Amino acid sequence: MTYQCPLCHQPLQRLDKLWRCENNHQFDNAKEGYVNLLPVQHKRSKEPGDSAEMMISRCTFLEGGHYQPLRDRLVTLLDQHLPAGAESLLDIGCGEGYYTSAMEQGLNTRREMQIYGLDVAKVAIRYAAKRYGKVEFCVASSHRLPFADNSLDAIVRIYAPCKAPELHRVLKSSGWVLTVAPGPRHLYQLKGLIYNEVQLHSDVEESLAGFQRVSTESLSYKMTLNGKQASDLLQMTPFAWRATEAVMLSLSQREHFSCETDFTISLFRRID
Numbered sequence: 071m072t073y074q075c076p077l078c079h080q081p082l083q084r085l086d087k088l089w090r091c092e093n094n095h096q097f098d099n100a101k102e103g104y105v106n107l108l109p110v111q112h113k114r115s116k117e118p119g120d121s122a123e124m125m126i127s128r129c130t131f132l133e134g135g136h137y138q139p140l141r142d143r144l145v146t147l148l149d150q151h152l153p154a155g156a157e158s159l160l161d162i163g164c165g166e167g168y169y170t171s172a173m174e175q176g177l178n179t180r181r182e183m184q185i186y187g188l189d190v191a192k193v194a195i196r197y198a199a200k201r202y203g204k205v206e207f208c209v210a211s212s213h214r215l216p217f218a219d220n221s222l223d224a225i226v227r228i229y230a231p232c233k234a235p236e237l238h239r240v241l242k243s244s245g246w247v248l249t250v251a252p253g254p255r256h257l258y259q260l261k262g263l264i265y266n267e268v269q270l271h272s273d274v275e276e277s278l279a280g281f282q283r284v285s286t287e288s289l290s291y292k293m294t295l296n297g298k299q300a301s302d303l304l305q306m307t308p309f310a311w312r313a314t315e316a317v318m319l320s321l322s323q324r325e326h327f328s329c330e331t332d333f334t335i336s337l338f339r340r341i342d
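Going by the numbering used here, the first residue of the sequence shown is number 71, and it counts up by one from there.
Keep in mind that the hints were calculated from the coordinates and are not lab data. Source: prediction; values computed, not measured. Some hints here could point you the wrong way.
[As the list claims (entries may be wrong)] Derived pair list, reagent style DSS-like, types lysine-lysine, alpha-carbon separation capped at 30 Å: (1) LYS204 x LYS87; (2) LYS204 x LYS261; (3) LYS204 x LYS242; (4) LYS200 x LYS261; (5) LYS101 x LYS87; (6) LYS204 x LYS233; (7) LYS233 x LYS261; (8) LYS192 x LYS87; (9) LYS298 x LYS200; (10) LYS192 x LYS204; (11) LYS87 x LYS261; (12) LYS101 x LYS261; (13) LYS233 x LYS298.
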């Protein structure tokens, strides 16, 4: 399988250090091993996606193992449902590749799959490509997936936006979509530091047109963090935009900070 040109939707061919379609649209393959398939006309800002600071905080926090139960559960679900002949999986909004790399390792013990990671943030993809050489990474929009129709066996979407028609387009017949969304009490205590009235996340189940829901489950547990870990957690969330300097300083100086996780994991299958 190969990438699809984001401009004319023709297949891209790898030619040494670049990718080219039959209409002569060219995309350089970076020295780190990823390809940038986000044309300037598709950007909403100069550097879309998470900042370098957010990425560093997320890397530090995730490598501490605080979300490992989620990572392990995702790999288990995929391994249980994907057939031995499955060939390809895309992780949308993959960031620096924490979950993507685990999928590559876990799923290829019983099959031979090409794992793709896609994110709009170039700084995150650059980091991921340098670290995880067995995964194919690209900078691209989740609203315009650079893959051909009916080309993927599975898609993982952790918080990342992507509309159902686009998911349906690129998946093979009976292909799988695995999503993760925040459950009602996800990071409740962290939100309590920032908002006067803490609103629970919605518990309304997402529906995807063209897909059958196979299962939905909750994964929740408490984390006990030190000040540095709690600060990294805050910095990797959208709540950081609302946090005051005083809140950030106070959090960083804590010896212990207890916080709930609450993940909603849903599995969908494409309906033809």
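Structure-based check of all given hints:
This hinted pair checks out: LYS204 and LYS87 have alpha carbons roughly 17 Å apart, not beyond 30 Å. For a cut-off of 30 Å, the pair hint linking LYS204 to LYS261 is broken: about 37 Å separates their Cα positions. Between LYS204 and LYS242 the CA atoms are separated by roughly 23 Å; this keeps the pair inside 30 Å, and the hint holds. The hinted pair formed by LYS200 and LYS261 fails the criterion: a straight-line CA distance of about 34 Å is larger than 30 Å.
For the proposed pair LYS101 and LYS87, the alpha carbon gap of about 8 Å is at most 30 Å, so the pair holds. Pair hint LYS204 plus LYS233 holds up; C-alpha atoms about 28 Å apart against a cutoff of 30 Å. Taking the CA atoms of LYS233 and LYS261, the gap is about 28 Å. The hint holds against a cut of 30 Å. Taking the CA atoms of LYS192 and LYS87, the gap is near 18 Å; set against the 30 Å cutoff, the hint holds.
Pair hint LYS298 plus LYS200 holds up; C-alpha atoms about 26 Å apart against a cutoff of 30 Å. A threshold of 30 Å between alpha carbons decides the hint, and for LYS192 with LYS204 the separation of about 18 Å falls inside it, so the pair holds. Distance restraint check for LYS87 and LYS261: the Cα-Cα separation of roughly 46 Å exceeds the 30 Å cut-off, and the hinted pair is therefore not satisfied. For the proposed pair LYS101 and LYS261, the alpha carbon gap of about 40 Å is over 30 Å, so the pair is violated.
Distance restraint check for LYS233 and LYS298: the Cα-Cα separation of roughly 36 Å exceeds the 30 Å cut-off, and the hinted pair is therefore not satisfied.
The structure does not agree with the numbered hints 2, 4, 11, 12 and 13 stated previously, though it agrees with the rest.
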